[in-house]
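Chemist: Input sequences plus hints: build the corresponding full structure.
These protein sequence lines are chains A and B, in that order.
Here the first sequence is numbered in the working numbering, starting from 6 and rising by one per residue.
Here the second sequence is numbered in the working numbering, starting from 52 and rising by one per residue.
Heads up, a few of these hints could be off.
[Claimed, not checked] Quick list of in silico lysine-lysine cross-link-like pairs, PhoX-like style, CA-CA up to 25 Å:
#	chain 1	residue 1	chain 2	residue 2
1	B	Lys-200	B	Lys-157
2	B	Lys-313	B	Lys-157
3	A	Lys-59	B	Lys-176
4	B	Lys-140	A	Lys-85
5	A	Lys-59	B	Lys-140
6	A	Lys-59	B	Lys-193
7	B	Lys-127	B	Lys-140
8	B	Lys-150	B	Lys-200
9	A	Lys-8	B	Lys-105
10	B	Lys-193	B	Lys-176
11	B	Lys-167	B	Lys-127
12	B	Lys-167	B	Lys-157
13	A	Lys-59	B	Lys-313
14	A	Lys-85	A	Lys-8
15	B	Lys-313	B	Lys-167
To be clear, the hints were calculated from the coordinates, so they are not data collected in a lab.
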Amino acid sequence: MRKRVFLDIVLFIGAFIAPPWLALLVALFGLFLFENFYEIFAVGLIVDGLYGTKTLVLFIPLLYTVFSGLLFVATAFLRKHLRFYS
Amino acid sequence: MNYLLKSNRREKGFSKQLLVTCVLLAVAGLFYFIAPRFVNDSLYAAARPIWDAKNYVAGELVRIVVLVQDKEQLAKSNTTLEQELEEAKVALQSLDSYKQENEDLKSMLGRATDEKRILASVVAKPNHSLYDTMLLDVGENKGVAVGDKIFSGDFIIGSIREVYGSHSKATLLSAPGEISRVLIGGGNIAADALGRGAGNFIVKVPKEVSITEGDLIRMPGLNPTFFGVVSNIEQTVTSSFQFVLFRLPVNVNNLRWVEIIKSEK
Chain A
6 MRKRVFLDIV LFIGAFIAPP WLALLVALFG LFLFENFYEI FAVGLIVDGL
56 YGTKTLVLFI PLLYTVFSGL LFVATAFLRK HLRFYS
Chain B
52 MNYLLKSNRR EKGFSKQLLV TCVLLAVAGL FYFIAPRFVN DSLYAAARPI
102 WDAKNYVAGE LVRIVVLVQD KEQLAKSNTT LEQELEEAKV ALQSLDSYKQ
152 ENEDLKSMLG RATDEKRILA SVVAKPNHSL YDTMLLDVGE NKGVAVGDKI
202 FSGDFIIGSI REVYGSHSKA TLLSAPGEIS RVLIGGGNIA ADALGRGAGN
252 FIVKVPKEVS ITEGDLIRMP GLNPTFFGVV SNIEQTVTSS FQFVLFRLPV
302 NVNNLRWVEI IKSEK
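Modeler: Laid out in structure tokens, this is it:
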């Protein structure tokens, strides 16, 4: 629990000051480390809310939130199929 | 015989996570499109102390580094910088007189411009992000409006896309996919420049257009507004076109101040 809180603090500060890809990388680490790491959505929402505009990038609205969702689902799928988590 | 049983519990877990993802994305989408002002203002209010703390820590670190740096090396770089500054001052003096002359001539011919300039501080700029945007500390409170242009010196760097109470969001002209009309070379050939992110642009022009590295790219208009400096030209033997790569002479990641010029209505 303590580890997760520590990672959450790092992640939230990182979402504001670090490059988005770095914050998402840290969140990906959390996804593999902890179950149901919903914090990744917060990272996407913060980046989209602060820096995103109505202009679509790569034809996707809320680019980083959607990417966070994809990472979340992909990791859940991987966790289901990896022996390490069984 | 023993068979490995398929875990029904894990299957359910995955479906649940998929469902949660869809619900969260839908809720986020609703929030962002129904109440964008609320989301932006809340995030900005939360981010401001973090950015201030970051700037303070960065400033202190620079101070400490300067303290422990070699004094001799510092004195040497100081002398070099002073020399460069003197040269720049001399060049600027003549430039200022040309500018004044330009303004005088325009006013004599009845084309004087009375642009309103607003100084803005760059609060945040996401490094290495797909959003080539920057957050400025002025908004409706200073009369900023959507469409106003952002300048660094005589170089146009972006335009205001969203305005909130006390801050605004600007998109750089170099944002991936942004297209801007520019004038190239001595013949002022009009072409469309495509943004490539982080202050870089590319433009496709016929090979016959004479361009050299270091040439200024200008914006169409009465006032001299520059777009960038040619950094590279790519040509192939088979193609009848050439690709001109140019960039802003300022590093957008290091910008602390910009000027907002009100767009003429």
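Chemist: Go through the numbered hints given earlier and state which of them the structure violates, listing their numbers in rising order.
Modeler: 4, 5 and 11
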